[in-house]
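The task is simple: from the sequences and hints, build the whole structure.
For the record, the sequence lines run as chains F and Y. Heads up: the first sequence runs through residues 1 to 327, numbered per our numbering. Heads up: the second sequence runs through residues 1 to 332, numbered per our numbering.
Hints listed in this document are in silico derivations from the structure and should not be mistaken for laboratory results. It should be emphasised that the depicted structure is a prediction, and the values quoted were computed from it without experimental measurement. Treat the hints with caution; some may be incorrect.
[What the hints assert, rightly or not] Here are some chain Y residues pointing at chain F (derived, C-beta under 7 Å):
no., residue
1, A15
2, S103
3, K104
4, G107
5, F113
6, M120
7, I125
8, G128
9, A162
10, A205
11, S207
12, M210
13, H328
14, V329
Built from N, CA and C at the ideal position, the CB exists for glycine as well.
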Amino acid sequence: MPTLTYRDALNQALREEMQRDANVFLMGEEVGVYQGAYKVSRGLLEEFGPMRVVDTPIAELGFAGIGVGAAMVGLRPVIEFMTWNFAVLALDQIVNSAAKLLYESGGQLPIPIVFRGPNGAALQLGAQHSQAWESWLSHIPGLKVVAPATPADAKGLLKSAIRDNNPVIVLEGEMLYNTKGEVPEGEYVVPIGRADVKRAGRDVTLICHSKTVTVALKAAEQLAEQEGVSAEVVDLRSLRPLDEAAITASVAKTNRAVVVEEGWPHCGIGAQVVDVIQREAFDHLDAPVLRVTQADVPMPYNRQLERLAKPSPDKVVAAARRVLYLD
Amino acid sequence: MTTATAHAQKDQSQAELERRMLRQMLLIRHFEEKAAEAYALGKIGGFCHLYIGQEAVAVGSLAALLDDDYVISSYREHGQALVRGISAGAVMAELFGKATGCSKGKGGSMHLFDAAKRFMGGHGIVGGHIPLGAGIGFGIKYKGGDQVCLCYFGEAAVNIGAFHETLNMASVYHLPVIFCCENNRYGMGTAFERVAAVTDVAEHACSYDMAAELVNGMDALAVYAATQRAVERARKGGHPTLLEVRTYRFMGHSMSDPLHGVYRTKDEVEEQKKRDPISQLALKLKEEGALDQAGLDALDAEVRAEVEEAVKFADESPDPDPGELTTHVVAD
Ligand SMILES: Cc1ncc(C[n+]2csc(CCOP(=O)(O)OP(=O)(O)O)c2C)c(N)n1
Ligand SMILES: [Mg+2]
Chain F
1 MPTLTYRDAL
11 NQALREEMQR
21 DANVFLMGEE
31 VGVYQGAYKV
41 SRGLLEEFGP
51 MRVVDTPIAE
61 LGFAGIGVGA
71 AMVGLRPVIE
81 FMTWNFAVLA
91 LDQIVNSAAK
101 LLYESGGQLP
111 IPIVFRGPNG
121 AALQLGAQHS
131 QAWESWLSHI
141 PGLKVVAPAT
151 PADAKGLLKS
161 AIRDNNPVIV
171 LEGEMLYNTK
181 GEVPEGEYVV
191 PIGRADVKRA
201 GRDVTLICHS
211 KTVTVALKAA
221 EQLAEQEGVS
231 AEVVDLRSLR
241 PLDEAAITAS
251 VAKTNRAVVV
261 EEGWPHCGIG
271 AQVVDVIQRE
281 AFDHLDAPVL
291 RVTQADVPMP
301 YNRQLERLAK
311 PSPDKVVAAA
321 RRVLYLD
Chain Y
1 MTTATAHAQK
11 DQSQAELERR
21 MLRQMLLIRH
31 FEEKAAEAYA
41 LGKIGGFCHL
51 YIGQEAVAVG
61 SLAALLDDDY
71 VISSYREHGQ
81 ALVRGISAGA
91 VMAELFGKAT
101 GCSKGKGGSM
111 HLFDAAKRFM
121 GGHGIVGGHI
131 PLGAGIGFGI
141 KYKGGDQVCL
151 CYFGEAAVNI
161 GAFHETLNMA
171 SVYHLPVIFC
181 CENNRYGMGT
191 AFERVAAVTD
201 VAEHACSYDM
211 AAELVNGMDA
221 LAVYAATQRA
231 VERARKGGHP
241 TLLEVRTYRF
251 MGHSMSDPLH
261 GVYRTKDEVE
271 EQKKRDPISQ
281 LALKLKEEGA
291 LDQAGLDALD
301 AEVRAEVEEA
311 VKFADESPDP
321 DPGELTTHVV
331 AD
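Quick look at the structure:
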């Protein structure tokens, strides 16, 4: 199996889907001539031309809405946001148009659109450029939300998202674009709504998604080496719909859980996961479920402060030790 | 064919067009009057924005469209939905929230849809559907079609960013869209000149290198002619147009708003009613000898009966099944 970067896996998914279906087009800032702000769309303008790889002005609300309108008449737009921080300007179109049209039209207008772009903090970009939006987006009925952690999942989930007949949010990890992994060639789709056990274990479940999968895997290694603890790492992959069965099955086995995410603690994805656990796995729990999140502050610029704000393997290890009553 | 018979035929088809327009305006007027009654009786809930006074805009502009063209509008869209051919029964039933409504009772007054008639909604966020209209135009162009999209919005939407972002992109991408601004002078209780630095909406078109026209919105034929020119530009060359159609609403902003309120005077409303688009066109038809009082009365009675029938249909239709609560959230 070829080894690709996360960026190139996304590029491959886009290229294959655009070859497969003439109704698929890509639209966003710098996607064409510049080849993508993060080079995800490299080579696509050359291959598919300017009607299918559309450079836009800096007008997130406008081009998101143009995408939804195009989906209303049967196209399958892929709207790229330079980052999700800027997509906030387009939330009206995502929430009030894309997510509502099927319902308020009594089923007449499915909206097969993908909104994608980098999400979460990179390094020292400051408060406005370092935010994780998944809990905002996952709150909305009518949307699906996926957050791949590996190149293979990035390819498979983006392909599923493009083929889905609903608005699908694809949250790409800004820090993941350069990461590498094996990616199956050609037809490879990962179903939306299925979590994946990235490391099997017995003693504690670490539930994570996107960039925090790397954090949880490192924590699991430390736990094995330093404490002899066997941690299971469950990568949610899809945040809406959420794979409640996978969460429950793992916690039923380990009886303990820590939920890790890049977002803030208040009303976060972890809060939703904890709700699932208390409801579906209450009798299996041997300890309260703990959460590791970004600190409840805007992201600071200073390197040391930024490190303090972010979830880290050490913080996950500390939380795991607490749910295992090792302290 | 002699010139005289050609002229006679043209006059006849012109008279037919005017008669059809008059009938459509009467239908909207009586439909809205009944909707107001039903609202007072509690049969219609929520927000309900009537089109009384603005009939000539929908009727004139939609006459310039073909069946496979697209229409998208704001929440003040009952009139456009009716003229586009959604039955009065299906629209009234939607206002009543019934299962037989054009959006299955899940949309309501502000969200009328009929995809088969290419009526793409009824949208409730001021200006939010303007980019959707351009996106429909983008879809037409992408597929190489020769249809156009007619997008209606109020003058207050001109102050919203979505309007400006969209006009710019529609112009840059050469989209076959007609942006039809129904300038009725007020956004709820705010007179346009109190909140807009540029009060001639059509002027905005030059910022986007777009064709524009200022139109008398109380004259259905003037609206028809201007829309025809805009449709031609869109269909032939993919050139968008901004139409500013000056009109006036005779009722309050919505059913919860008094007739004139404190933001405008009773005198102003009465003065505007003298420009009533329906009486103007009726008068024209009478002067041309194309319709007499008896003919007008018959037309009026016919339309009233159609509206009565629509109310009866809505009244007798069932509510949506409780199971409908959770359908259409996601598509298969
Ligand atoms: C973005 C947004 N802000 C506020 C409202 C509340 N609102 C509904 S209609 C309206 C006035 C709009 O006036 P205009 O666009 O001129 O249309 P008209 O009602 O005159 O047809 C307002 C403020 C809204 N629906 N959407
Ligand atoms: Mg207005």
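Hint numbers contradicted by this structure: 1, 10, 11 and 12
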